[in-house]
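J.: If you're matching them up, the sequences are chains A, B and C in order. So in our numbering, spot 93 of the first sequence is number 93, and the numbers just go up one at a time. Heads up, our numbering is the position in the second sequence plus 1000, with the first residue counted as 1. Heads up, our numbering is the position in the third sequence plus 2000, with the first residue counted as 1.
Treat the hints as calculated values from the structure; they're not laboratory data. Here a beta-carbon is modelled for each residue, glycine too, at the ideal position from N, C-alpha and C. Hints are supplied without guarantee of correctness; some may be wrong.
[As the list claims (entries may be wrong)] Computed far set for chain C versus chain A, every beta-carbon distance over 10 Å:
| id | residue |
| --- | --- |
| 1 | Ile-2082 |
| 2 | Gly-2178 |
| 3 | Pro-2189 |
| 4 | Met-2190 |
| 5 | Thr-2218 |
[As the list claims (entries may be wrong)] Simulated restraints on C-beta separations:
| id | chain 1 | residue 1 | chain 2 | residue 2 | range |
| --- | --- | --- | --- | --- | --- |
| 6 | A | Tyr-153 | B | Lys-1213 | 39 to 45 Å |
| 7 | C | Asp-2065 | B | Lys-1079 | 28 to 34 Å |
| 8 | C | Lys-2262 | B | Thr-1418 | 53 to 59 Å |
| 9 | B | Asp-1116 | A | Asn-47 | 36 to 42 Å |
| 10 | A | Ser-180 | B | Arg-1176 | 52 to 58 Å |
| 11 | A | Ser-180 | C | Asp-2105 | 26 to 32 Å |
| 12 | B | Lys-1314 | C | Leu-2179 | 51 to 57 Å |
| 13 | C | Asp-2105 | A | Leu-33 | 20 to 26 Å |
| 14 | A | Tyr-153 | B | Lys-1383 | 38 to 44 Å |
So you can see what is in the structure, the chains are spelled out below.
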Amino acid sequence: MATQNTKTLARLMMAPSVLLLLVWMIVPLAMTLWFSFQNYNLLDPSNVSFTGLFNYQFFYTDPAFFQSIWNTLVIVGGVLLITVIGGIAIALLLDQPIFGQGIVRILIISPFFVMPPVAALVWKNMIMNPSYGVFADISKFFGLRPIDWFAQYPLFSIVIIVAWQWLPFATLILLTALQSLDGEQKEAAEMDGANFLNRFIYLVVPHLARSITVVILIQTIFLLGVYAEILVTTNGGPGYASTNLAFLIYRTALLGYDVGGASAGGIIAVVLANIVAFFLMRAVGKNLDR
Amino acid sequence: MTLKTILLGACSALALAGFFSTAASAETLTIATVNNGDMVRMQGLTSEFTKANPDIQINWVTLEENVLRERVTTDIATKGGQYDILTIGNYEVPIWAKQGWLLELNKLGDKYDANDILPAIKGGLTVNGKLYAAPFYGESAMIMYRKDLFEKAGLKMPENPTWEFIGDAARKITDRKADVNGICLRGKAGWGENMAFITALTNSFGGRWFDEKWTPQFDQPEWKAALQFYVDLMKDAGPAGASSNGFNENLTLFQQGKCGMWMDATVAASFVSNPKDSKVADKVGYALFPVKGEMKNHGNWLWSWNLAVPNSSKKADSAQKFISWATSKEYTQLVASKEGWANVPPGTRTSLYNNEEYKKAAAFAVPTLAAMNAADITKPTVKPVPYTGGQFVAIPEFQAIGTNVGQLFSAVVAGQSTVADALAQAQTATTREMKRAGYPK
Amino acid sequence: MARNVTTRHKISATVAAWIVALIIFFPILYTIITSIKTEPEAIAGFSLWPSGTFENYITVQTQRDYLKPFMNSVILSVGSTILALIIAIPSAWAMAFSPTKRTKDILMWMLSTKMMPAVAVLVPIYLLFRDFGLLDSRIGLTVMLTLINLPIVVWMLYTYFREIPGEILEAARMDGAGLWQEIVYVLTPMAVPGIASTLLLNIILAWNESFWTIRLSTTNAAPLTAFIASFSSPQGLFWAKLSAASTMAIAPILILGWFSQKQLVRGLTFGAVK
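Here chain A stands alone, though its shape is the one from the complex (with noise of 0.2 Å):
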C-alpha cells in the first residue's frame, strides 16, 4: 500500500536517527583512523608525526595479542553460554505456577540494575575474595582450602561476574517469549503423550528460536567490550590470562597514553567485530526473518 508519498515521509522520519548516528559513527571513526597513522603520545605532544602502519603493526606483534582475541572470545562465548542455557533454565522454573512469582521475578532480574564497578567489586572482595569471601567462608566450613578465584581461573571468575550480570537480561526476554507460548499449544502435545524432553526440543525450543537470538546478538556487542570488570579484579593477569582486546587497548590508551597505538587497536577490534557479527549473523541471522 505503500506510496510514493509515504516511501518519501518514511525516510524523512528515519533521516533524524540515521544521520546523527552515521555523524557518530563517522566522525570518531575518521578520527580514530587518523589517529593511527599517528605515532602520538599523549605525554609527548610536542613530537607527533606520520608512521603509517607502524602502530598497526606493533599492536598486532604485542605479545598478549593473539591471547587477548582468544580470551575476548572466550569471555563472549562463555557468558552467552551461561546466560542462554541458564536463562532458558529459569525462564522454564519461571514459567511453572509458583507462590511469590512476582518476588522471585524481582530477585532474579536484579542483577541487571547494578552498575558493572559495583558488581565487580562486590564479587571481587565480598564473594571471591580467598580470604573474607562467601566462597572461602564456604569452603572453610567444609575443611577445604579456598579457592584463590583470580590466580587460579581468572578468565572463569570475570566469565561468572559477567555472566551474573547479564543473566536477568536473557532470562526476561526468553521468558517473555515463553509465556506468549499457547497454552492450548502446549495441552495439546501433552495429550499426545509427548514427555516433557520431547515437548521441549520440538515446541520450546523452536518458538524460542528467535528470542535466543536477539540475547546472542544483544549480549555479544557488550560483551565483546567488556573491560571495566576486568580492571577491577585481576588487571589482565595473571600473565595475560585474562586480557581482553578491551583491555588491551585500555591498557595502550590509558597507562601507556599512546593515542595512535589504541587508536590502531581500536580499529582492529572494530573489524574483529564485524567478522564477528559477520559469522553470528550467517549462523542465527536467519531466525530474525521469520
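Got chain A sorted already, so can you dock chains B and C onto it with the hints?
T.: Only chains B and C this time, still in chain A's reference frame:
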C-alpha cells in the same frame, strides 16, 4: 497529549538545568584528589580554609587512585582545563614539569618555609631549581612486624635486617593452621602495586631496570636472584591469593593478625597501629627495609602525594593560596588539634620529626624518618642508571611497561609461569616498548 | 485452559525457584547487609545478622554529598532517554510500517555503531568535548548517552511497533483519518506499553553507564557512577563504606526496576513474540 506535555516539560527542565550548570561563581577552585585517608581528612577541614578566605570556594573531585590518574592525565595532556589543583605523585611531577604543564609554585607566601621540606622529597619536586608541586604527605618503605610472633618464635629483629634473615624468619613464623603467614607482600599486577615492591627489592639486590644505554636488564643475574627469592618466599610463607594482593589487601591481612611481617609504604604504620581498625595495634614493631648481604641499599622507595597547579588554571593565585595552606605547618597543627598527632600527614617536613609531641603519639615517627632518610631516588641502586626514581622509573613509558611486567610477575606468584619465562618475556616486552618510544634518547 | 496442577508440583517448583532467585540475588543482598556492618565486622567472616549500624551511610554522606550526583544521574538518564525516544520513535515507526529491503541492514548497522571500544576513542572524544566546551556539562553527557543508546532504542521500538497490526492503520485510513490522527488516536495508545518499557530499559542502561560518565565529568555533571568511584579506597578498610555507597547508588534504579518490572518485561520481547 499528556505524553507530549511531559516530554516538553522534561526538555525545558533539562535545558534550564544545563544552563545553570554553566553559570559558576568567579573564584571556585576545582581540586582533584585521591580518596586516601589523609586527603579525605583535608576535605573535611575545607571550611577552615574558606572561613579564612571567604572569596574562595572549593569543589572537590575525589576519585580512586587509578581513575583519578587517568582522568587528570587525559585532562592536562589535552589541555582540558577542568582542574585548578591536581593531586599527583612524585612520578608525574618531573615529567609534567618538563612538558611545561605545571605552574611554578612561587606564591606560597613568606611564612611557608619551603626549606623545612625533607630534602629527598623536595628534590623530587624540583626541576631546574624551581618547585613545581608541594608535598602533602610522603612515604618510604619499611618492615612492619609482629613483636609477639617474633618473641614466640625466639627471634629478634636486628637493627639492620638482611633478606637472608627475613626469609628464615618468615618461614619460621608461618603457621598455616593458625592462619598466620610469615610474610605478606604485594603480588597484584600494576606499576604502582607489585612492581613498586619488586623494583625496590631488586634495587637492594643490586639490580636495575636499565643500563646507561637504556637496555632492559631482566636478563641479568640480579633480577633472577631477586625474583626467585620473592617467589619462593611467597610460596613458603605468603598468604593465599598473594597474586591479587595489593597494598590494601595486605593492610587488611596484617590488621587481622594474619601476617608476621609486611614490607610496604611507611604510611601504613598509622593504620596498623590504630586500635580502632587493627587487632594487632599494640604488637607492631618497625625496622628498616632489608638489605642483601653486605650491600647497603635499602631499596630507595620514596613516594609523595603532592599538590600542583596546571598551567591552564586561571585561578593560579587562589590555587597557590590553598596549596600553601594544605601543606603548611599550620595545617599539621590543625589536624593535630582536631584528630590527634598520630593522624597528621607524615613524611614531608623536618619540623614534624623534631616535634616531641608527634614522636610521643606516633611510635612509627622515628622509623619512618629513618626510612625516608635512607632513600635516594637519584641513585636507586649500586650500578649507574640513566633514570631517577626508587620504586619506579621516572619516564612516561613506565606506567605501561611496569603494568605489563607486573602482569608477567604476578603469573609467577600465581604458579602459572616460571621465573625464567617471566624474565624472558619481560625483557622482550620492555625492549619492544622502549624501542618504540625512541630510546636511547 | 485449566491445567491440572498438583499442589506438590507447585511446591517443588516454588522451592526450586526461590533457591535460584536467592542465589542470584545474594550478592546484592550481602552488599546491603554489609552496608550496615562495622568495618571490622565486614571482613570478620560470613554473617547475615549484623549488629546494625548506619554509621557507614553517615560517613559516606559527610564525605560526599549524595544529592548532587543523584540529581545528575536522574537528569542524565531521563534526559538522554527522552531525547533518544524523540529521535527514535519516528524512525522506528517508519521502519515498522514502511519497511524496505534494507530495513534490516539499517538496523544491524545501527547496532554495529556500538562496536568501537570506548577506550579507543576516549582521546578524540575528549578533544571534541573540549573544543565544544562540553566537558563536565550535563548537556554534553546527555547527548553522549543518547547516541550510545539510540541503536537499542530504535531496535526495541521497531520490534514493538511491528507487532501492531497494519490492518488497524489501514482501517483508520479508510475512515479518513489523517496521518496526525492516525498517530495520536490509533498508534499512540497501542504503542504506549512498548514505549514505556523502552524508556525504562534505557533509563537503566544510562544510569549504569560508567565509562563516559566518569571520564567526561568533573563536578557539575558527575553522576552516581563517579560517586562510587570515590569510595573504593586504596587505603584502609572500606568494604562496609563501599557497600553503603553502592547501596545508595543502585537503590533508586533497583526500586524503579522493581515497581516497573511488569512494564519492563512487556517491552523486552524484541519482537520475540509473534
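J.: Each hint: holds or not?
T.: Each hint, compared with the structure:
1. Ile-2082: It holds; Ile-2082/C is separated from chain A by about 14 Å at its closest Cβ, greater than 10 Å.
2. Gly-2178: Holds: least Cβ distance 12 Å, greater than 10 Å.
3. Pro-2189: Answer for Pro-2189/C: holds, closest chain A Cβ roughly 20 Å.
4. Met-2190: About 17 Å separates Met-2190/C from the closest Cβ of chain A, which puts it past 10 Å; holds.
5. Thr-2218: holds (17 Å)
6. Tyr-153/A - Lys-1213/B: 39 to 45 Å: holds (42 Å)
7. Asp-2065/C - Lys-1079/B: 28 to 34 Å: holds (29 Å)
8. Lys-2262/C - Thr-1418/B: 53 to 59 Å: Holds, at about 57 Å.
9. Asp-1116/B - Asn-47/A: 36 to 42 Å: Check passed, 38 Å falls within 36 to 42 Å.
10. Ser-180/A - Arg-1176/B: 52 to 58 Å: holds (57 Å)
11. Ser-180/A - Asp-2105/C: 26 to 32 Å: 27 Å Cβ-Cβ, so the 26 to 32 Å window holds.
12. Lys-1314/B - Leu-2179/C: 51 to 57 Å: holds (53 Å)
13. Asp-2105/C - Leu-33/A: 20 to 26 Å: About 23 Å separates the Cβ atoms of Asp-2105/C and Leu-33/A, which means 20 to 26 Å holds.
14. Tyr-153/A - Lys-1383/B: 38 to 44 Å: holds (40 Å)
Comparing the model with each numbered hint stated earlier shows that all of them hold.
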